[in-house]
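Heads up: the sequence shown runs through residues 918 to 1138, numbered per our numbering.
Everything labelled a hint here was simulated from the structure, so no lab data went into it. There could be a bad hint or two in this list.
[As the list claims (entries may be wrong)] Restraint-style ranges between C-beta atoms, simulated for each label pair:
(1) R1109 <-> E987: 45 to 51 angstroms
(2) P1031 <-> N1078: 18 to 24 angstroms
(3) V984 <-> D1121: 42 to 48 angstroms
(4) D1121 <-> E987: 46 to 52 angstroms
(5) E1008 <-> S919: 34 to 40 angstroms
(6) V1110 <-> D989: 23 to 29 angstroms
(7) S994 <-> G1068: 26 to 32 angstroms
(8) G1068 <-> S964: 17 to 23 angstroms
(9) D1127 <-> E1008: 27 to 33 angstroms
(10) N1131 <-> A943: 32 to 38 angstroms
Quick reminder that beta carbons are idealized off the backbone N, C-alpha and C, glycines included.
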Amino acid sequence: MSEVITALRETVASLHAELTRYGLVAWTAGNVSARVPGQELLVIKPSGVSYDDLSAANMIVCDLDGVVVEGDLSPSSDTAAHAYVYRAMPEVGGVVHTHSTYATAWAARGEAIPCHLTAQADEFGGEIPIGPFALIGGDDIGKGIVATLSGHRSPAVLMRNHGVFTIGKDARAAVKAAVMCEDVARTAHLARVLGQPVPMAQADVDSLYDRYQNVYGQPGR
């Protein structure tokens, strides 16, 4: 199991570079976590550490109550939220949080992002929903994420007045959802500035989602 955790530490550390690469975070905000397969554990970044200083060695291992199991630093302030998601949604293998600019602007408005794009239909299966307001530190954010995304196609939720949380089968999938969420949010904003976006038929959204999720890409990858 130590080999699995070592590999996950490396994966989670490297995935944080994708958040900066795509401009989804500022300073030390944001985080990526991964569930340890077959164990009641997760790997997450330390709190308040510069992205330039993140490494496999300083990733934190916690149990699913958010208690530190391995690591010398304090874990992310969002650890309780991540842990709640893993406890409540066993199918989730990765969680990401960002304050990416355009998506967070929709969150500040308390407004879901309606589906007016084929790319959004592909990835999110419809609107990107808005979640409730919750204070940072406990598991209230996690409860809001689970309540909003349970039974929903979208792997992303806009937590009101806060930012983006995404889930995935693994941490990489959750990072992809965060990248795509910001891309969709930016385009949706610009479309609204230009005028009234054209709606999409639900049957077309359903067809696009099914194709992307079940046909697109290479088999087994």
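A quick look at each hint next to the structure:
no. : hint                                : result
1   : R1109 <-> E987: 45 to 51 angstroms  : 46 angstroms, holds
2   : P1031 <-> N1078: 18 to 24 angstroms : 20 angstroms, holds
3   : V984 <-> D1121: 42 to 48 angstroms  : 47 angstroms, holds
4   : D1121 <-> E987: 46 to 52 angstroms  : 48 angstroms, holds
5   : E1008 <-> S919: 34 to 40 angstroms  : 25 angstroms, violated
6   : V1110 <-> D989: 23 to 29 angstroms  : 47 angstroms, violated
7   : S994 <-> G1068: 26 to 32 angstroms  : 28 angstroms, holds
8   : G1068 <-> S964: 17 to 23 angstroms  : 32 angstroms, violated
9   : D1127 <-> E1008: 27 to 33 angstroms : 19 angstroms, violated
10  : N1131 <-> A943: 32 to 38 angstroms  : 36 angstroms, holds
Consistency with the previously given hints fails for numbers 5, 6, 8, 9, ordered from lowest to highest.
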